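A.B. asks: Could you put together the complete structure from these sequences and hints?
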Amino acid sequence: MLILDKINMIPYLKVHMPQFDFSGPISITEIGDGSQSAEDAGDGYVNYIFIVSLSDDVSFVVKQSRETARMSGGLMTTARNRLEYDAMRIFHAIAPDYVPDIYFIDDENRVFAMEDASRDGRKIVRFQMNQNRLFPLLGIQCGNFLADTAFYTSEYYLETADFRQLSARFLNEDMRPIMETGLFLNLFDAGYDITVGEEFLPFVSSLTEDPAFVTERYKLRHIYMTSGECLIHADLHTSNLFASEDSMKAIDMEFTFCGPFSYDIGYFWGNLISQYAAATFRDFPSEKERKEFKAYLLTCICEMYHTYINRFIDNWDQDAKDIYKGLSGLQNDFAQTILKDAPGFAAVVNWFRVAGMISYPDFDMITDLQVKRKAYTLSLLIDWQIIFHRYSYTNIQDFIDDILFAEERFTGKRIDFK
Numbered sequence: 024m025l026i027l028d029k030i031n032m033i034p035y036l037k038v039h040m041p042q043f044d045f046s047g048p049i050s051i052t053e054i055g056d057g058s059q060s061a062e063d064a065g066d067g068y069v070n071y072i073f074i075v076s077l078s079d080d081v082s083f084v085v086k087q088s089r090e091t092a093r094m095s096g097g098l099m100t101t102a103r104n105r106l107e108y109d110a111m112r113i114f115h116a117i118a119p120d121y122v123p124d125i126y127f128i129d130d131e132n133r134v135f136a137m138e139d140a141s142r143d144g145r146k147i148v149r150f151q152m153n154q155n156r157l158f159p160l161l162g163i164q165c166g167n168f169l170a171d172t173a174f175y176t177s178e179y180y181l182e183t184a185d186f187r188q189l190s191a192r193f194l195n196e197d198m199r200p201i202m203e204t205g206l207f208l209n210l211f212d213a214g215y216d217i218t219v220g221e222e223f224l225p226f227v228s229s230l231t232e233d234p235a236f237v238t239e240r241y242k243l244r245h246i247y248m249t250s251g252e253c254l255i256h257a258d259l260h261t262s263n264l265f266a267s268e269d270s271m272k273a274i275d276m277e278f279t280f281c282g283p284f285s286y287d288i289g290y291f292w293g294n295l296i297s298q299y300a301a302a303t304f305r306d307f308p309s310e311k312e313r314k315e316f317k318a319y320l321l322t323c324i325c326e327m328y329h330t331y332i333n334r335f336i337d338n339w340d341q342d343a344k345d346i347y348k349g350l351s352g353l354q355n356d357f358a359q360t361i362l363k364d365a366p367g368f369a370a371v372v373n374w375f376r377v378a379g380m381i382s383y384p385d386f387d388m389i390t391d392l393q394v395k396r397k398a399y400t401l402s403l404l405i406d407w408q409i410i411f412h413r414y415s416y417t418n419i420q421d422f423i424d425d426i427l428f429a430e431e432r433f434t435g436k437r438i439d440f441k
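Residue numbers (our numbering): 24 to 441.
Bear in mind the hints are in silico, worked out from the structure with no lab data behind them.
Treat the numbers as computed from the prediction; the structure is a model and nothing was measured.
Treat the hints loosely; a few may be bogus.
Claimed, not checked - Derived Cβ-Cβ restraints for the label pairs, each shown as a range:
1) Ile33 - Thr91: 20 to 28 Å
2) Phe226 - Lys37: 53 to 61 Å
3) Leu194 - His412: 33 to 41 Å
To be verified - With a Cα cut of at most 30 Å, we get these calculated BS3-like pairs of lysine-lysine:
4) Lys397 - Lys363
5) Lys242 - Lys363
6) Lys397 - Lys314
7) Lys146 - Lys37
8) Lys348 - Lys397
9) Lys344 - Lys363
10) Lys311 - Lys436
11) Lys436 - Lys314
12) Lys29 - Lys146
13) Lys314 - Lys146
14) Lys397 - Lys242
15) Lys311 - Lys242
16) Lys436 - Lys397
17) Lys363 - Lys348
18) Lys146 - Lys311
19) Lys397 - Lys146
20) Lys242 - Lys314
For glycine and all other residues, C-beta sits at the position ideal for the given N, C-alpha and C.
C.D. replies: This is the structure:
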């Protein structure tokens, strides 16, 4: 296996990418080498990632999977590289506006190359949100991306044999246990975040180990394990989205498998909840800007849900197999299931990151540890509220109302965005 570096990169690429001109000035950046911050390029936690720039207009990403994770050093399967490449090709074919172009794959050396998602002014959403930046189309873009990729990889559209082959191809047995175990079962084997004070631990522990909460986690895990409804991204957090005012690209699809319709949208909502909790306590230039940012996050949730449901049902009406045409009752059940399960997944995903030991950059802008503990606590209380109340939701506003209720109950302040 050839280990790529800045020295052998260009001779290697000349062989695999003859369509590009490598005769001019070339810039090569390796993620994690200190030349770029995680805010600009991501952290490359698992894979070895290089950004190759041939000019102001031409740049691409070269991604290599090795037997050890880049940052942790843990053993990893290199087969994840081919699976991610195949997933990105499928998603790009369905939603080309939202997935980078893919150029080549080298199975022998576990390398593939794709368009640089940071081109055209796109930035990593998480770190831009930490700076209070608004992406006005993000909810609509995410809703369209998820609705199209979900519907056109589902059995509502695919012939049964094709759907079964897709499900078998993307079993992803090597990567899935990371989420199946860490997210739903052994949430805190590594301990809790002690940086916000030891008094936080009994509070987190009492909620995490509450039998009712454990039951909800296991119920959601069962859905995650058994509902192979469509090909899902399975790791759609805000660090895996690059966006600008009018454009969005999703990356990092090595966890992809056939899972529940509701998982990706819930996973993303979890990130918006953490941003909301952090924004309640971090510094803003003015209270007006704080209010505008928090209202934007709630609007993003609503727009994402409505866009996802409407787009999915439009695809259904137009392209579903004949046996599923005209079943408005089934479509209504689909919308209600998303409304019930997606908030549950949002709560579990957010809980895992807020209370666990893995760094959660959404709260990095809060430097006062007592204030950060308040933000953490609010985030967990929102999760607690929605994971139990989601069964009663009849529309997306019920979900929003629960977020506001948890905030008002914790802060003692009436929430008014008018």
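A.B. asks: Hint by hint, which ones does this structure get wrong, listed from lowest number up?
C.D. replies: 8, 15, 20
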